[in-house]
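> These are the residues of each chain, in order.
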Amino acid sequence: MLIVIELLGIFFFAVAGSLMAARRGFDMLGSVFLGGVTGLGGGVVRDLILNESPATFGHPIYFLPPVLAALLVYGFTPAIQKLHRLVLVFDAAGLGLFCMTGTLKALQHDFNPVTAVLLGMITGVGGGLMRDVISNVTPDLFNPRDIYAIPAMIGGILTAVCWNFGLFNPLVGVGIAALTFATRLASLKFGWRIPLAAGHWHRPTPGSPPENGPQRHF
Amino acid sequence: MLIVIELLGIFFFAVAGSLMAARRGFDMLGSVFLGGVTGLGGGVVRDLILNESPATFGHPIYFLPPVLAALLVYGFTPAIQKLHRLVLVFDAAGLGLFCMTGTLKALQHDFNPVTAVLLGMITGVGGGLMRDVISNVTPDLFNPRDIYAIPAMIGGILTAVCWNFGLFNPLVGVGIAALTFATRLASLKFGWRIPLAAGHWHRPTPGSPPENGPQRHF
Amino acid sequence: MLIVIELLGIFFFAVAGSLMAARRGFDMLGSVFLGGVTGLGGGVVRDLILNESPATFGHPIYFLPPVLAALLVYGFTPAIQKLHRLVLVFDAAGLGLFCMTGTLKALQHDFNPVTAVLLGMITGVGGGLMRDVISNVTPDLFNPRDIYAIPAMIGGILTAVCWNFGLFNPLVGVGIAALTFATRLASLKFGWRIPLAAGHWHRPTPGSPPENGPQRHF
Numbered sequence: 033m034l035i036v037i038e039l040l041g042i043f044f045f046a047v048a049g050s051l052m053a054a055r056r057g058f059d060m061l062g063s064v065f066l067g068g069v070t071g072l073g074g075g076v077v078r079d080l081i082l083n084e085s086p087a088t089f090g091h092p093i094y095f096l097p098p099v100l101a102a103l104l105v106y107g108f109t110p111a112i113q114k115l116h117r118l119v120l121v122f123d124a125a126g127l128g129l130f131c132m133t134g135t136l137k138a139l140q141h142d143f144n145p146v147t148a149v150l151l152g153m154i155t156g157v158g159g160g161l162m163r164d165v166i167s168n169v170t171p172d173l174f175n176p177r178d179i180y181a182i183p184a185m186i187g188g189i190l191t192a193v194c195w196n197f198g199l200f201n202p203l204v205g206v207g208i209a210a211l212t213f214a215t216r217l218a219s220l221k222f223g224w225r226i227p228l229a230a231g232h233w234h235r236p237t238p239g240s241p242p243e244n245g246p247q248r249h250f
Numbered sequence: 033m034l035i036v037i038e039l040l041g042i043f044f045f046a047v048a049g050s051l052m053a054a055r056r057g058f059d060m061l062g063s064v065f066l067g068g069v070t071g072l073g074g075g076v077v078r079d080l081i082l083n084e085s086p087a088t089f090g091h092p093i094y095f096l097p098p099v100l101a102a103l104l105v106y107g108f109t110p111a112i113q114k115l116h117r118l119v120l121v122f123d124a125a126g127l128g129l130f131c132m133t134g135t136l137k138a139l140q141h142d143f144n145p146v147t148a149v150l151l152g153m154i155t156g157v158g159g160g161l162m163r164d165v166i167s168n169v170t171p172d173l174f175n176p177r178d179i180y181a182i183p184a185m186i187g188g189i190l191t192a193v194c195w196n197f198g199l200f201n202p203l204v205g206v207g208i209a210a211l212t213f214a215t216r217l218a219s220l221k222f223g224w225r226i227p228l229a230a231g232h233w234h235r236p237t238p239g240s241p242p243e244n245g246p247q248r249h250f
Numbered sequence: 033m034l035i036v037i038e039l040l041g042i043f044f045f046a047v048a049g050s051l052m053a054a055r056r057g058f059d060m061l062g063s064v065f066l067g068g069v070t071g072l073g074g075g076v077v078r079d080l081i082l083n084e085s086p087a088t089f090g091h092p093i094y095f096l097p098p099v100l101a102a103l104l105v106y107g108f109t110p111a112i113q114k115l116h117r118l119v120l121v122f123d124a125a126g127l128g129l130f131c132m133t134g135t136l137k138a139l140q141h142d143f144n145p146v147t148a149v150l151l152g153m154i155t156g157v158g159g160g161l162m163r164d165v166i167s168n169v170t171p172d173l174f175n176p177r178d179i180y181a182i183p184a185m186i187g188g189i190l191t192a193v194c195w196n197f198g199l200f201n202p203l204v205g206v207g208i209a210a211l212t213f214a215t216r217l218a219s220l221k222f223g224w225r226i227p228l229a230a231g232h233w234h235r236p237t238p239g240s241p242p243e244n245g246p247q248r249h250f
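Protein chains in written order, with the working numbering: chain C, 33 to 250; chain U, 33 to 250; chain R, 33 to 250.
Take the hints with a grain of salt, since some may be wrong.
Unchecked claim - Away from chain R, derived, C-beta distances all over 10 Å, residues of chain U:
#, residue
1, Leu80
2, Trp195
3, Arg225
Claimed, not checked - Distance ranges between label pairs, derived from CB positions:
#, chain 1, residue 1, chain 2, residue 2, range
4, R, Phe222, U, Gly107, 19 to 29 Å
5, U, Ile35, R, Phe222, 36 to 46 Å
6, U, Glu84, R, Pro202, 28 to 38 Å
7, U, Asn83, R, Asp142, 15 to 25 Å
8, U, Gly223, C, Leu203, 51 to 61 Å
9, C, Asn83, R, Leu211, 47 to 57 Å
10, R, Phe108, C, Lys221, 31 to 41 Å
11, R, Phe108, U, Trp224, 52 to 62 Å
12, U, Val204, R, Asn83, 27 to 37 Å
13, C, Val99, R, Phe222, 33 to 43 Å
14, U, Gly107, C, His116, 44 to 54 Å
Honestly, the hints are just simulated from the structure, not real lab data.
Note that the structure is predicted; figures quoted are calculated from it, not measured.
Positions of the beta carbon are idealized from the N, C-alpha and C atoms, including for glycine.
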């Protein structure tokens, strides 16, 4: 069952990656590639840090979701007006699933809980970060109007706590993923924020996001 | 003989990397570094995914081609008008060699053919992708007017097919590399393309390449 | 004692990363993340190339310096006018420490001296490079008015030479780090440079740094 969940998460992220490719004017292969990086990148980095050959490359089935995502985006781009919101929902679903599975895998490898939560967060946000870095845009992860990493952290911490108290089972895992998903959507809906990196000062530099008041993404 | 071919491929890619450094106004060390990343980056990522210490770091000789490439670019920049075309030819030669050797190495590690072809493509396009990402430009790989990844895929698939039918030998390998090289040059010459990521719609965003008709690179 | 030095180096780099986050308008989590990447990224890449699970993920204490650095930057940003110079000093201290420890670790893994020096340089400059690439700016490493990589190379070579002649001990290591630090500060103060990648020609392209004479960073 875990593999079905993983494939779903990869697909959700891959759709977000392919939509980025569509918006940037890349071609079909770029769409598959960027979808693959978004969907599989976080897990590959996690497995490299766990010092094992990435599971992704062990079976061809992991590369099916990016292909399907690219075809889906190719076929349904007329419905493009609804895309930005849809991407965020897909992305939140992938985030919920990956933080939980990433933390779980690190705990199964006997990593300490702090590091396991970090690896779960890397699994969740790594693919999207790689998508943005490769596409040459400022990563969404750093958008100060959007607390992307907080739901990821909550999902990871809940997984680690449940695991440490022997309460973790697949159903609990799905619940944690759903809660992470809901937290992410709520953060978008209500525009939750955390303080900026600079405490009492901020001078916008070219390339940094403008600061003209709150702006809802959702 | 394989090592001579590898060193040639590294050199070809490194020249492309050093020329990027020259165009961006970097200095000599940046030129060596960017050449090294372009020439060695794809192979390093491949070896990390194969979960072994990158062959590149096993012997100092692998670092000679980037140094030579940087010196060559330093010495012959007056002939700069011809560079853009020359870079593409060098790059195509490196691509042909690396897709074949990368796929081969993955097959020798008992990876399945699909994954092996992907690793071959990563070996071929990874260095150039890292060059562009590090130089902070939109990767050439995603240029919709240029099907960089298709020749790489053809080279990888031919290698996997020959290997599976027991037909692979060094001569066949060189032939596959030459065919990949020729396909790449032909794609440049005739402006071959594949469909965009967005099927029926495309709105250019800032930073995406303009869409005013076909444009020959070659 | 080595771990205290490592933690100090991580902290120095993390401050530079958090300051970048402050300048770009990222939030607190982005500040911790970017500080962590700057402080830990070079070592993680080194360990991946050495084909072992990154030491960073073995103990939670390695993640303390980025958190402290982010809090420091958050609390003391009113003193922002002095920051640019301060970042460079912190960064130079981290560079001095990491080139030495990185080269040392590679030598202890029986890598050849050339590769060990390269891995030391990667340890020293890798985190800053990742910081700039992730922040979507042209890496400082390639600034032709600033020879960042030369002090790193000197630190690595001195470490390898001392090691090969059996002269290396912790005190010598600290001395090498201090010398690297001093070389870096001197290169900033006196505006030392090396030749550009292009020998007799340079046409600035959009995005490349302007070329209107020497400019002191320090």
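> Determine for every hint whether it applies to the structure shown.
Right, here's what the structure says about each hint:
1. With a closest Cβ-Cβ approach of about 6 Å to chain R, Leu80 (chain U) is found to fall inside the 10 Å limit, against its non-interface label.
2. Look at Trp195 (chain U): its CB is around 26 Å from the nearest CB on chain R, clear of 10 Å, so calling it non-interface holds up.
3. At the 10 Å boundary, the C-beta of Arg225 (chain U) stays outside the reach of chain R, the nearest C-beta of that chain being 25 Å off.
4. Distance hint check: the CB atoms of Phe222 (chain R) and Gly107 (chain U) are about 28 Å apart, consistent with the given range 19 to 29 Å.
5. Checked against the given bound of 36 to 46 Å, the beta carbons of Ile35 (chain U) and Phe222 (chain R), roughly 43 Å apart, stay inside it.
6. Under the hint 28 to 38 Å, the C-beta atoms of Glu84 (chain U) and Pro202 (chain R), about 32 Å apart, fit the expected range.
7. Restraint check, Asn83 (chain U) to Asp142 (chain R): a C-beta distance of roughly 19 Å satisfies the suggested window 15 to 25 Å.
8. Between Gly223 (chain U) and Leu203 (chain C) the CB atoms are about 55 Å apart, so this pair conforms to the stated range of 51 to 61 Å.
9. About 34 Å separates the C-beta atoms of Asn83 (chain C) and Leu211 (chain R), a value inconsistent with the hinted range of 47 to 57 Å.
10. Remark: the range hint 31 to 41 Å for Phe108 (chain R) to Lys221 (chain C) is upheld by a beta-carbon distance near 34 Å.
11. Restraint check, Phe108 (chain R) to Trp224 (chain U): a C-beta distance of roughly 57 Å satisfies the suggested window 52 to 62 Å.
12. Range check, Val204 (chain U) to Asn83 (chain R): about 31 Å between beta-carbon atoms, so the 27 to 37 Å window is met.
13. In this structure the hint that Val99 (chain C) and Phe222 (chain R) lie 33 to 43 Å apart at CB is violated, the actual value being about 56 Å.
14. For the pair Gly107 (chain U) and His116 (chain C), the beta carbons lie near 50 Å from each other, so the given range of 44 to 54 Å is met.
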